[in-house]
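Peer 1: Sequence:
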Amino acid sequence: MNLKVISRNVGIALLVSALFMFLSAIISLIEGDSALGPLLISFTITFMVGIFPFIFVQHSPNISLKDGYMIIFLSWLLSFVFGSLPYALWGGPFNFANAWFESVSGFTTTGATILEDVEALPRSLIFWRASTHFIGGLGVVVFLLLIIPNSSPVRLRLTNMELSSLSRDDYRSRANKTVSIFAWVYLGLCAVALVSYILAGMPLFDAVCHAFSVCASGGFSSRTLSIGAFNSPLISVITIVFMFLASVHFGLIFIALVNRTTRPFRNPVLRFYVISLAVISVVTALSLKFSSIDTGWGQAFLDATFHVVSYASTTGFAISDNSTWPMLACDLLLLVSLVCGCAGSTSGGIKVDRMMVLFKAIHMQIQKTLYPSSIFEVRMGRRVLHDEEIYPQILYIALFVMLVFVSAIICLFLGDPNGHAVTGSLASLANVGPSLGTIGSMGNYNAEPNAIKFVFSLDMFMGRVEIYPVLAVVSSIFNRKHQGRA
Numbered sequence: 000m001n002l003k004v005i006s007r008n009v010g011i012a013l014l015v016s017a018l019f020m021f022l023s024a025i026i027s028l029i030e031g032d033s034a035l036g037p038l039l040i041s042f043t044i045t046f047m048v049g050i051f052p053f054i055f056v057q058h059s060p061n062i063s064l065k066d067g068y069m070i071i072f073l074s075w076l077l078s079f080v081f082g083s084l085p086y087a088l089w090g091g092p093f094n095f096a097n098a099w100f101e102s103v104s105g106f107t108t109t110g111a112t113i114l115e116d117v118e119a120l121p122r123s124l125i126f127w128r129a130s131t132h133f134i135g136g137l138g139v140v141v142f143l144l145l146i147i148p149n150s151s152p153v154r155l156r157l158t159n160m161e162l163s164s165l166s167r168d169d170y171r172s173r174a175n176k177t178v179s180i181f182a183w184v185y186l187g188l189c190a191v192a193l194v195s196y197i198l199a200g201m202p203l204f205d206a207v208c209h210a211f212s213v214c215a216s217g218g219f220s221s222r223t224l225s226i227g228a229f230n231s232p233l234i235s236v237i238t239i240v241f242m243f244l245a246s247v248h249f250g251l252i253f254i255a256l257v258n259r260t261t262r263p264f265r266n267p268v269l270r271f272y273v274i275s276l277a278v279i280s281v282v283t284a285l286s287l288k289f290s291s292i293d294t295g296w297g298q299a300f301l302d303a304t305f306h307v308v309s310y311a312s313t314t315g316f317a318i319s320d321n322s323t324w325p326m327l328a329c330d331l332l333l334l335v336s337l338v339c340g341c342a343g344s345t346s347g348g349i350k351v352d353r354m355m356v357l358f359k360a361i362h363m364q365i366q367k368t369l370y371p372s373s374i375f376e377v378r379m380g381r382r383v384l385h386d387e388e389i390y391p392q393i394l395y396i397a398l399f400v401m402l403v404f405v406s407a408i409i410c411l412f413l414g415d416p417n418g419h420a421v422t423g424s425l426a427s428l429a430n431v432g433p434s435l436g437t438i439g440s441m442g443n444y445n446a447e448p449n450a451i452k453f454v455f456s457l458d459m460f461m462g463r464v465e466i467y468p469v470l471a472v473v474s475s476i477f478n479r480k481h482q483g484r485a
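Heads up, the sequence shown is in numbering that gives the first Met the number 0, so the first residue is 0 and it goes up one at a time.
To be clear, the hints were calculated from the coordinates, so they are not data collected in a lab. Certain hints may be false.
Quick list of simulated restraints, FRET-style, between CB atoms [said to hold, decoys possible]:
1. Q366 <-> L203: 54 to 60 Å
2. G90 <-> Q364: 32 to 38 Å
3. V236 <-> F375: 40 to 46 Å
4. L22 <-> F289: 44 to 50 Å
5. I40 <-> L256: 51 to 57 Å
6. V194 <-> Q366: 48 to 54 Å
7. A397 <-> D116: 36 to 42 Å
As the structure is a computational prediction, the values presented were derived from the model and not from experiment. For glycine and all other residues, C-beta sits at the position ideal for the given N, C-alpha and C.
Please take these sequences and the hints and turn them into a complete structure.
Peer 2: Below is the structure:
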């Protein structure tokens with residue numbers, strides 16, 4: 000394991016965080032709020048630790064696969080640690096557990112919060128919360144990959160770990176352009192979302208914070224009532240559009256813009272995703288309309304579509320309180336929380352791509368059972384998937400579901416006084432953020448015991464990096480210790 004290359008690349012991740020801490024400190028200076036000291040201290044510590052490897056560690060261009068896994072693991076982990084400093088130093092509702100939870104939730108773009116009153120925070124800390132979404136959405140590791148030499152053989156493998164191998168299926172760019180495509184589409188969406196919010200009448204500061212959040216599929220808002228605070232159907236519709244775009248394969252968006260064609264949107268995964276969202280939104284709207292909730296048809300469809308897309312994209316914004324919704328509507332939100340958006344996007348969860356592979360594999364197995372002498376294939380569009388491509392996706396789904404139940408069991412063992420063991424574990428591992436009940440669309444996680452917050456934080460981390468890198472690093476450390484004892 001090359002500690003030199005690991006330390007230098009992890010240092011870059013910390014310097015990115017330090018940059019946004021500095022910008023937050025400037026906002027604090029302009030506003031004259033109480034967070035200036037905590038932000039300057041946090042910036043100084045983070046910058047010094049991040050710059051240290053560039054001063055004292057010699058550059059090494061060789062990166063192995065194990066080094067890549069460790070870079071991913073430590074970049075996220077240390078970003079969580081240093082990202083919690085502004086909260087912890089400022090105080091207020093942020094004890095150690097709450098500061099850690101808010102930091103992890105921000106960088107993993109989960110959007111779960113412990114805050115009961117967001118507006119009580121200084122605007123500079125609100126900007127820092129949104130900035131953690133912006134950094135996490137693009138991916139701490141994507142920032143690293145942008146500076147890794149194109150000639151490095153590990154670049155493609157790191158890209159696969161961060162963006163998932165499924166995210167490369169629908170566009171034919173060279174491997175060393177994958178990350179640049181992801182970054183430019185992401186930054187473009189942020190810029191267009193910012194302009195759209197401003198034109199819709201949202202104040203500049205709120206527009207910046209919400210543009211950071213919506214394109215990262217995050218959910219941190221500058222308002223306690225989230226998007227609902229603006230009471231604007233236009234802003235709600237704009238948010239729906241960008242939540243959806245942020246959950247779509249960025250390669251499809253890139254090709255559609257560059258080639259000025261709608262052909263990429265004939266992709267079978269995208270069609271399945273759009274049809275699923277439409278059907279679930281209609282059923283949810285009908286459930287709201289015919290329940291005891293007093294709402295008109297227009298509001299019912301707006302509420303339903305907004306929250307279905309919000310949960311499916313793992314953004315977590317809200318315009319109404321789903322704790323009052325009928326059981327059917329709530330169950331549908333849990334369903335889309337499990338599957339979520341497309342690979343190659345900023346959304347979390349299992350991904351609709353994997354679910355399609357699962358459905359097709361099940362269908363193929365049924366056909367083989369009925370007609371054992373025939374040959375059947377699993378196809379995604381025009382592409383035939385082989386067993387070595389199908390098996391990891393099905394295994395990931397099984398692993399995801401297993402981790403939800405393991406996390407829920409641990410929460411039950413720790414007490415789970417609020418009954419959120421399963422729903423909280425699912426919302427955290429899928430990086431959705433809000434779930435149902437008191438941790439629903441207008442709720443927060445402040446009432447959860449500290450031990451359960453740490454469990455949910457681990458779920459967020461594993462969900463954001465898609466489980467395998469964390470397991471690979473843990474396995475590598477365990478094997479190293481085992482070999483040392485042997």
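Peer 1: Should the hint that L22 and F289 are 44 to 50 Å apart at their CB atoms be regarded as holding?
Peer 2: About 48 Å separates the Cβ atoms of L22 and F289, which means 44 to 50 Å holds.
Peer 1: Kindly confirm whether 48 to 54 Å is satisfied by the beta carbon distance between V194 and Q366.
Peer 2: holds (50 Å)
Peer 1: Falls inside 40 to 46 Å, the C-beta gap from V236 to F375?
Peer 2: holds (43 Å)
Peer 1: Looking only at beta-carbon atoms, does the pair A397, D116 fall within the given range of 36 to 42 Å?
Peer 2: Since A397 and D116 have Cβ atoms about 41 Å apart, the given range 36 to 42 Å holds.
Peer 1: At the C-beta level, are G90 and Q364 separated by a distance inside 32 to 38 Å?
Peer 2: violated (57 Å)
Peer 1: Regarding Q366 and L203, is the given constraint of 54 to 60 Å on their beta-carbon distance met?
Peer 2: holds (57 Å)
Peer 1: Can you let me know if the beta-carbon spacing of I40 and L256 is within 51 to 57 Å?
Peer 2: About 42 Å separates the Cβ atoms of I40 and L256, which means 51 to 57 Å is violated.
Going through the hint list in order, the structure does not satisfy hints 2 and 5.
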